[in-house]
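We have chain A; now place chains B, C and D onto it with these hints.
Protein chains in written order, with our numbering: chain A, 29 to 527; chain B, 314 to 415; chain C, 48 to 728; chain D, -12 to 475.
Keep in mind that the hints are not guaranteed to be accurate.
Derived coverage of chain B by chain D (criterion: at least 3 residues anywhere in the stretch with Cβ under 8 Å from a Cβ of chain D; other residues may be distant) [stated by the list, open to error]:
{"no.": "1", "region": "321 to 335"}
{"no.": "2", "region": "341 to 347"}
{"no.": "3", "region": "352 to 361"}
{"no.": "4", "region": "369 to 380"}
Pairwise CB distance ranges, derived in the manner of DEER restraints [to be verified]:
{"no.": "5", "chain 1": "C", "residue 1": "56", "chain 2": "A", "residue 2": "82", "range": "25 to 33 Å"}
{"no.": "6", "chain 1": "D", "residue 1": "183", "chain 2": "B", "residue 2": "370", "range": "18 to 26 Å"}
{"no.": "7", "chain 1": "D", "residue 1": "362", "chain 2": "A", "residue 2": "488", "range": "33 to 41 Å"}
{"no.": "8", "chain 1": "A", "residue 1": "76", "chain 2": "C", "residue 2": "117", "range": "24 to 32 Å"}
{"no.": "9", "chain 1": "A", "residue 1": "72", "chain 2": "C", "residue 2": "626", "range": "54 to 62 Å"}
None of these hints come from the bench; they were simulated from the model. Since the structure is predicted, the reported quantities are computational estimates derived from the model, not experimental observations. Backbone N, C-alpha and C define an ideal beta-carbon position, used for all residues, glycine too.
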Amino acid sequence: MDFPILTLITFVPLLGSLIVLCMPKEKERLIKQFSIAVSFIPLILSILLWVNLEKGGGIQFEELVAWIPAIHVNYHVGADGLSVPLIFLTALLTTLSLFYSSFTIKNRVKEFFFLFLLLEMGMFGVFVSLDFVLFYVFWEIGLVPMYFLIGVWGGPRREYAAIKFFIYTLVGSVAMLLAIIGIYLNTGTFDIIQAAAMRPFVENFTLGALAFWAIFLAFAIKVPMFPFHTWLPDAHVEAPTAGSVILAGILLKLGCYGFFRILLPMFPEQFHRFAPIIAVLAVISIVYGAMVSMAQWDLKKLIAYSSVSHMGYVMLGLAAAAFAIGSKDMLTSQAIAMNGAVFQMFNHGIITGALFFLVGVIYERAHTRDLTAFGGLASKVPYYYGIMLVAGLASLGLPGLAGFWGEFFVFRGTFAIAPVYAAVGAIGIVFTAAYILWKVIQHVFLGPFNEKWANLTDMETYEKITLWPLVIFMVLFGLYPPLIVDTINAAMTRLLSGL
Amino acid sequence: MVPLSWFLILGAALFCIGVYGVLSRRNAIGILMGVELILNAVNINLIAFWRYRTPDQLTGLVFAVFVMAIAAAEAAVGLALIIAIYRTRNTVIVEDVDLLKM
Amino acid sequence: MTELYDWVRLIPLFPFLAFAIILLFTQRNQKLSTYLAWVGIGLSWLLGWTIVFRAIGDAHVLEEGFRAPIFSIPTGRGLLQLGFQVDALTTAMLFMVPFVCLMIFIYSKGYMHGDPRYSRFFAYISLFATGMLGLIVSDNLLLLYIFWEVMGLCSYLLIGFWYEKPSAMKAGLKAFITTRIGDVIMFLGMLLLYSTTGTLSFHEIFSEETLHFLKETTVWLPLVGTVSVAPVIAVLLFGGAVGKSAQFPLHVWLPDAMEGPTPVSALIHAATMVSAGVYLVARMFPIFALLPETASMSVVAFIGGFTALFAATIALAQDDIKRVLAYSTISQLGYMIAALGVGAYVAATFHLITHAFFKALLFLGSGSVIHGAGTQDMMEMGGLRKKMPITFWTFAAGMLALAGVPPFAGFWSKDEILAHAFEEFMHKGVVSWPFFVWLVLSLGALLTAFYMARQVFLTFYGETRSHHVHAHESPKVMTYPLIALAVFAVFLGFVGVPEEFPVLGPLFGHNLFHHIVGHGYPATPLNWGVMGLSVLLALTGLFLGWLVYGRNPLKEGQPDPMTKLGPVYTLLRNKYYIDEFYSKFIVRPAVALATLLFRFDNSWVIDPFVNLVGKVGAWLSDLGRIFDLNIIDGIVNGVAAVTAWFGKILRLTQTGKAQNYLLVAILTVLLLLGLYLYLPM
Amino acid sequence: MNLIGLLSPELILLATGLLVLILDMAFHGKEGRREWLPFVAIAGLIVFLIAASFLWGTHTSLLSDMMAVDSFALFFKVVAGLSTLLVILASWDYFQGKTPYEGEFYGLLVLAALAITLAAASTDLIMVYLSMEFLSIGSYILVGYLREDPKSNEGAIKYFLYGAVASGIMLYGMSLVYGVTGTTNLAQIAQVFAAGKLTDDMLWLMLPALIMLLAGFGFKIALVPFHQWSPDAYEGAPTPVTAFLSVGPKAAGFAILMRVFLAAFPAFQLDWAAVLAAISMITMTLGNVVALKQTNIKRMLAYSSIAHAGYILIGFASVALDSPSLFNGVNGVLLYLLGYLFSNVGVFVAVIAFENATGSNQIPDYAGLIKRSPWLAGTLFVLLLSLTGIPATAGFLGKFFVFAAAINVQFYVLALVGIVNAAIAAFYYLNVARYMFFVPSQEESHIAIAPALAVALGVATFATLLIGLYPQPFIEFANQSVRLLGVF
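With the rest of the complex left out, here is chain A (with noise of 0.2 Å):
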């Protein structure tokens, strides 16, 4: 690897960051624009990843230094078909969070912006790492920005919503940390390639039970799955609208690549075991998250509930994958379950980035959430009514937008494994169309106009500029889905023939 391309990602917003701790604090719109362009960086660094990523060529851009020789640590980082998707999702939303900021952040700039790019390094990190410390490293560090983000620049019940947050994440990865001792102590190594690659409890299946419902705690809070979901309405709900976008965008990527790049391939008898506990969950988050989110009147509080949902589908796809370990005739549906999943994962982050954009739109003008609050909005901003439309039929998955490839081929790959779940979770997609079109499309645009909002204002040009982009990238991976899924499917095609 001649050029540390993965290193710069990850460390330009950690550089940027400490420049702006010594900026002096009055110099807002200098921060500001600095911060920006310091995304700009890795934004375009990511682009060139994907540019010049071999399709099917495994982990590559790798860099491998000796970190903690004593403990065989190492700075071991690479990217796959798997990592390099969500790495340009995270530059871009964060892009975007760190635009839209600039123009809705008023008090304490300075910390924002700061945390707002360490935030960024611990999120890249995440996505590049391949050695165990190291990953666990950055996942924590995420952590602490984002607990600053919520209760700092959240609303009324921030600082519950940001300890709650915190201890949550900070339970499931202690429990994590152990398992990866336990994993290190049974290969003697923390790389997570070469760990995997041993294969460290096939002789011990209760001992990688052990292990593997630890990890799977850890990430299973972050997705989040179903009975592990609670911290997320109020984190979600509290945060402030760049904070949310990240957290459903980016962090709750986090928990489903854990399960790609750790569980899956470590773990694949105890997955194999315990895929239909999993799968059961997922489903339940599918259709439980849908209709919870259906009985909100918050806004924001429905789209958090969505994402539950959302969520359910990658990890329903995942199970479905895992079902299906050993039999080798079904490596077709376990591939594109798991392309759907990971499909899903970039959806979602686009989509329901932009969902949460556009409530902070209507947020800052009308200054309530309620649904009841609105209607007939439509003809009084047009433009926000079509953006909003364009999202939120995405969410629900409707053809010609990204995100019913990502469902379909979830479906597709888990009915042929396991048609029951399959099937079950499908009716959450009447549900999504239900609360999309009723609740929120309905109840905020549609009917008799409320006087109130006379004076209601369409979306000004910065917010315009933030939405666009991923607008477009809604149309485009739905009308030419190739573009992303030859990236994925090289790389689950590899992962998989690797179990």
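Using the frame of chain A, we list chains B, C and D on its own:
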């Protein structure tokens, strides 16, 4: 001659009395005395063991001597502290000294 | 030369471009938007018909089909190939869809004149056209599903186009959700098909070996047990058709869809959406017919037949000019479905085409009436014949076609269905589905004729029954499309005249239509009895209609003679209370459940968990304090008691706080000691 | 190297301590504070550290096997030196106007450091006893240093009484050990057991002996249930002393605990390991849960330091010096202590800075600290994160190693209790953060940090992060230091 166990029993008894004193005395000085008893019990043990097990090495004796010395130093410091307390609180009754609690 | 067929790729593209450009750029400029939309659909039409007329002569394409791939998605080691195609069925549809759309587009200019969201309307209908065109040229089920859903979206947008009206808004949502339910079932069917055969491309599915494979394969269903896979797939897919083609029990959305602008109704009910459902069944017909003895066919036959009659009865008691047509549509779709249910593949397709033309005509006609009279209530109309001659004559043509009066288009297609059903029945010789279908549809024919007569007489004859109706003929831009469609309504039927039919048969190329789409299917033999009966029924219906409404037309304030039916009338008028039933037993419970779950989530999942952490923390912390203070004091007091026991000798003392600490230490030492002494080493 | 050379660090400390005392006396009654006195102490400590560094790698024993010069001792020399150094910096202008006898304070502090180094080096029960008493007596005085302050006195007297009794009990245990083995030298004790010529009734005596020793050491480390003096002493003592107590004596206690048990009683490992595991679970749990409710930050830290003692003990309870893996437990203890030293002293430095400015130790008063002094808030937060055990800080490294040790010997329960506690601990550390960053304060006045404190804070924070981010050298240092004299 007297068997070792007698000495040990004496030491143990002394130790227990000391502990009881420590626990039961209300007066800080009293507690201090209890501590002294404990240390003396230790000394009895040391000497006895020395005499009966390793009379050719002086370890036990030396140890005992050190214990006495330290006991003295400890007592000195202790008394100093007690005096300080007495200055500020006009009491040496330990249970009255309870500003610090949760 | 296959190059021409390659252009099929462009057919859905033109309207889509029109849609995009209008929505993004030309919203301000209404004129430009109109012309863009026209150009978009116009090009599709030209291209479409060019292809059609070449294909008609091109046996290879008609039998084998021609495929134009677009792109492929990798699936593990394999590929999922998506593309467009031209084959017999596509050709037939391609003849109808773009032309009818074009007519409606032109008509819309007049109808939507002066609407605030005029441009957006044209954008939406362009997208709608995209959906339908894409649907008929798709060469695989997935792509078909995509366009299918796009149409669902458009129906949502267009039905709810006047979203300020709560009724319109609700109707849009209802249409989307209801069809969505069907779609999910179809989605599952598609998944089952895909994961069984590993392909979604039609010509691969219908290849010999795949069909054979499907014959062999079985699937385990919960509750049902192991059954052959083909009918399961068929029934699931049929679910989608039921939703889109508004068959019972998912028909409820279609009448409400009248809330949309009339051209939309025309689009939905004639050219596009509803025919999509039938098209799907026709397209997947080989799977349905794979194992005729199994549920697949009978379900289709039953649903279709039932709906045909059921909707026709409702149509009798409606006053809204468009609602009558809406229910007639449902009924006619029932005909097609039922036809497919008895294997009358060609007849069903034929009826689909003819119906599209005359139903579009009828809707546009009614639109013109509404535009002229300013009301939708037939009870307020009357005597419009003189004021709106063109509308009247065209409408009449459509009416006769629908009623199945020879030689109008509807007669031939409907008769072929009946004939086929009867043929099947004769062939089987036992009273079974074909008989049921034939019976029901014949009865339906009577009702159809009657309610159409009722509509025409109420609308055009007698004197106007409302003082604020000042009707005038619609502008040319609206009437010309009517005329054009009327021509087809009259003559189109001839392409499907049975071969044996004297004079006409040979004259029109020996059942041209059957030659186009019907290869592999035996032509239905002409059956004079059935034909005579159906004509008789139609005429009877018309006569009854004239008897009740035509002889002495309704005066203002007179009640509808129908009301004489009493409770039956109320029942029909309220559409058998099915909407009420659904809202009471399906919608409300679902919402209630959701709310319940949220309560659960809010107060039983989140709060306890966090409060657990918090409370337990606080509690433990208290415990710790208790441990450090009270318990110790307790022990101390206990010990104090003990000391008091042999305090006879020593003075009874109570201990001080600092000593509590020491006590704990010493007790611990003793405890450990005890442990060690009594634990076996 | 000759005797003087080997003893040079201790001698230097001794000299420094006495020098400071003498100078203080000599200049007593002169006008103004003697700001330069701390410099003397600091200079002495630096020299001490340098001198100590020359002993790197030497393994020998002197004074007829009374004392060891080995990496293990060296490690604790460093710990003692660094902690004392930081504490002196921290107490720079703490005593201003609080007591006229500032000078002696530094002297005593240096001598306490000497006591720690001796304790860590002693290889004979007598030496152990002497050094521990040396340290204890010094500590008593330090705690009660503010004679006019009743709380200080009270803390001192409780500490004293508890300590006196505890050492008495320990001593009794020692006497028994002597009686059974006939020697006080750790290595020889081990040999006696290895020889296995002891009669059962003799061995029987060992059990009370070990337990009594444990009571003594437990008191120093403040292990539950020998911990109860510590909250009072911590709260009562002058804050710099609290800082010192929370690190220095603890370290010494662990040093002695490990050396005695590993060097003298490996034969009984099964027994004491089990007891220590139990104690460690109780200790961390109780420390954490009680800390949850504290509103006085010093008291909160007192309990948190009890909890940390529990974590550290995980490492020693699951010691496995002969295991092939890297996580032999002892190095975990050492690393944890190292990180804990910087983080905890650092936190106390911040507390002192806050106390100096506001005179308060109540957590709610920390509200809006980010506005009043961003750097104080920031550094304090980093240090608290380290205590929580968030990666990239020293605290994480320590936890990582001790948990690893526990898993290594398959003490899964121990590790589990450990992580649960780690999560609980986050509550009260974050609570401070919550006040500092989220809760707005009515008080807006800026908080100035004295240069000495700033230096101490900076060093502590930097070290915390350095150990967290580049632990390699420290791990090697710890692994080196695992080599106790007499033990492999």
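Checked hints:
1. 321 to 335: holds (count 6)
2. 341 to 347: holds (count 4)
3. 352 to 361: Held - the region 352 to 361 of chain B has 6 residues with a Cβ nearer than 8 Å to chain D, which meets the minimum of three.
4. 369 to 380: holds (count 7)
5. C:56 to A:82: 25 to 33 Å: holds, 31 Å
6. D:183 to B:370: 18 to 26 Å: Since residue 183 of chain D and residue 370 of chain B have Cβ atoms about 22 Å apart, the given range 18 to 26 Å holds.
7. D:362 to A:488: 33 to 41 Å: Given about 37 Å between the Cβ atoms, the range holds.
8. A:76 to C:117: 24 to 32 Å: Given about 29 Å between the Cβ atoms, the range holds.
9. A:72 to C:626: 54 to 62 Å: holds, 56 Å
This entry satisfies every hint, going by the numbered hints stated previously.
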